[in-house]
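Assemble chain G onto chain V, guided by the hints.
Here the protein sequences line up with chains V and G, keeping their order. Here the first sequence is numbered in our numbering, starting from 1 and rising by one per residue. Here the second sequence is numbered in our numbering, starting from 1 and rising by one per residue.
It is worth saying that the hints were derived from the structure and are not from the lab. Do not take every clue at face value.
Result set (DSS-like, lysine-lysine): computed pairs, CA atoms no more than 27 Å apart in a straight line [claimed, not checked]:
| no. | chain 1 | residue 1 | chain 2 | residue 2 |
| --- | --- | --- | --- | --- |
| 1 | G | K137 | V | K74 |
| 2 | G | K75 | V | K74 |
| 3 | V | K32 | V | K106 |
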Amino acid sequence: MKTTLFKLLLCAIPTLLLTGSLPVTAGELTAKIVIPELDVAEYHRPYVAVWIETPERELIQHIAVWYDTEMENKEGETWLKDLRQWWRKGGRSLQMPVEAVSGPTKPVGEHEISIPLDSPLLSKLKPGPYFFVVEASREVGGREMQRVPFEWSLTPKIDEEVQGETELGKITLKSNS
Amino acid sequence: MTKKQFPLTLAIAATTLLAVGTSSAHRLWILPSTTILSGENQWVSVEAAISNDLFFPNHHALPLERITALSPTGKTVELKSAAEGEIRSSFELLLEEQGTYRITSQMNGMFASWKENGEPKRLRSNEEELGKMDLSKMEELKLFKSNTRVESIITCGETTEVALKGDGLEFEFITHPNDLFSGETATFRVMLNGKPAAGQEITIVKGNDRFRNSVDEMVLTSNDDGIIEITWTEPGRYWINGSADLEAGEFKGLPMKQGASYTLTVEVLPE
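Just chain V, same shape as in the assembly (with noise of 0.2 Å):
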């Protein structure tokens, strides 16, 4: 791990040198995320998380977390695990709530996260391959996780998209500048 970040910053140096480690357009990462309209007996809204990932599968940056905030004495936290995979890569050393990334439920449909190409959710990327993760766990139901492969680099061209199967839709990652 850390000698791939080492040679990612070797790599990044000259250019660093130049513009700093973020890039200098205005513009957004967008990403849009399906949930999908399920026929069962009993349904819930899904918890979702959403971070970026390493290629060596290391979590570097919360971006969200839908949750039921709503419950009395914190309990929808109690559900948070099931969120596995974002749970142990990080969910469980973060204090609930965390500002501008958690947030309640969403209902089904397309949600769409922008974030500023120059925010600070995006300043601990350095150029070089990334995964864009969305994992929904939903109460009595099912779970899923989809990774994103994007590509970040000072000018970054992101146009991707991933089919869920389940409990996820279509996920849109795109940048613009």
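Frame of chain V, contents of chain G only:
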């Protein structure tokens, strides 16, 4: 111990005697309702039994008097709604701290078997009681001392270190026992009396063996550093067990065999 409980305890002694040092179909286990939790003041329910099938009680309860639950900071956690039935013990734990909890059944017992008028006799006891008996006159006396440990480990919130006990057989958790996923490999170091145990056999059996026709056990042998690597091919609950023969000792000048065993139940989650 009340008189009413005595015959049951004797029966367990016989079971445990077989379970230590030799292979036996009787398996000791502690099974929590879940091993990974989030949130505050969570409850888990726990079953503890000695059974043939994993994890279905069908033989004897694992006695509550041997079981302790420790919090991440080492406090004793009360066994709530504790009940010891014929074939299963059960209790619930309130997890008031964040971190890793340890539920342990520990028995440092002595066993004696001998013949009286040609009849085989067995006794589960301890050093004090056996010391009072006139062992030298017993026919075909066999003495056995065991360190029998059965564990399960659960975590609420972030995992914390599982400390080594330094006695008997145990694992040093290089991979945390509450971070096991299908398709991944877990690394544990087998320790015997505080030192890495090389060449120690460890048996791994997936639960729900009642619903398949073969046990499908996996037997691994620890390397020179005591390391075993378990690659989980399927999610589920697993029973992990090893038993070691220790150097023979003496009790009141009589030869005494010694052994140690360790049993751990874990959960492996789908990727």
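For each hint, the structure was consulted:
1. For the hint pairing K137/G with K74/V, the CA-to-CA distance comes to about 67 Å; that exceeds 27 Å, so the pair is violated.
2. With a CA separation close to 25 Å, the supplied pair K75/G and K74/V stays within the 27 Å bound.
3. A distance of roughly 13 Å separates the Cα atoms of K32/V and K106/V; the hinted pair therefore holds under the 27 Å criterion.
Checked against the numbered hints above, the structure breaks only hint 1 and satisfies the rest.
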